[in-house]
Each structure stands twice: as C-alpha cells, then as structure tokens.
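Under numbering that gives the first Met the number 0, the first residue of the sequence shown is numbered 0, with each subsequent residue one higher.
DSS-like mimics (lysine-lysine), calculated; alpha carbons at most 30 Å apart, straight line:
hint	residue 1	residue 2
1	K35	K139
2	K150	K35
3	K48	K139
4	K47	K90
5	K90	K35
6	K139	K47
7	K35	K148
8	K47	K145
9	K35	K86
10	K35	K48
11	K86	K48
12	K47	K35
13	K86	K47
14	K47	K150
15	K139	K86
16	K148	K47
17	K145	K48
18	K148	K90
19	K145	K35
20	K150	K139
21	K90	K48
Now the in silico label distances, taken between C-beta atoms and shown as ranges:
hint	residue 1	residue 2	range
22	Q137	G92	30 to 40 Å
23	G92	E152	30 to 40 Å
24	S46	R93	19 to 29 Å
Since the hints were derived computationally from the structure, they do not count as laboratory data.
The beta-carbon is built from N, C-alpha and C at its ideal position, and this holds for glycine as well.
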Amino acid sequence: MRMELGITWCLLVAVGLIVAAEEQVPMSELSDLQNKTLALAAEELHSKKHINNRFQVFSVQEATEEDYSAGVFVRLNVMKRQTNCPKSQWKEGRECGAVNQGRVFDCCICIKYHYGNRAVLSSFIDCVLSRHVNPERQRKRSDQCKSVKRKNETGFALPGETSFSKSPK
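From just these sequences and the hints, can you work out the full model?
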C-alpha cells in the first residue's frame, strides 16, 4: 500500500512537471516587439523604490501578439526571480545568480503599440509577488488587458459595450 502510494505520488509529480513545461514559451521564440515589451516591464519594475535587486525572467507563461486596426497588441505573462545583482545592473546583459528563497514576481504585461513608429498607445503592467495572484487579481488583469487591447479601436460594437470602460472612475 505504501509503495503504491509512493509510486502514484511520483507519477503525479512527473505529469505535473510535463504539463508545466508544455505551457512555457521559450525566450528564443519571442518576437522583437515581445522583447521590447519585456524591457519596458523590466524598466517599470526596477524603477520601484522597494526593489533593491535585479529580477530576471525565468519563465514565460504566455506570449501573444495580435494585429488590430489601431496597432499591435502584445500580452505577456512572465515569472521573474530575484537575483544577487543590484537593481542598477538590470540593463546589463551579465548573468546573475538566483537568490535562494528569493522573491518571485508574477507579471502580467499588456501593451498596445502604434503600427508606424511602435510608440506605446496604451499599457498595463502588473508585477506582484506570486503569492498575491488569486482569481480576483486574474480577473482584474484580464479586464485591464481588454481595455488596453480596445484602445483607439473603431468599428462596430454592441450598444453600451464600451460605456462602462469609458466611464470616470
């Protein structure tokens, strides 16, 4: 009985690791615009006063790039790990070791770029400690990304579809 339970547990862990690995996007497959999006998010994170160390991406959970009439929409969900380098070195390409038991940030990044000059039309960047991501935060992130995606879009919509998103807060 004990051995069967141990084997079952090992199989479940192995399946979980395989599923997790399949969901990740290799960094080498990111487009130039997706890499620009990562750089903008890194700049935003490292500009915060409570951040003292450099954080670097160790996992890309989602990477999408969609063309719309008003521009290109990019959405990335990434995990960033605390390193032993100071935050002043975040732009440098040198390798930094991960801090044992260091902080891990879960970042949702949604940016819409203008077609011609790739200027930012609208953006939403939310990097929080991974333990703070819950279903409510996921819903809010999704809503914010939809708002970024719709920025400067024209066309047909159902009556009242955008009235709530454009109302003052």
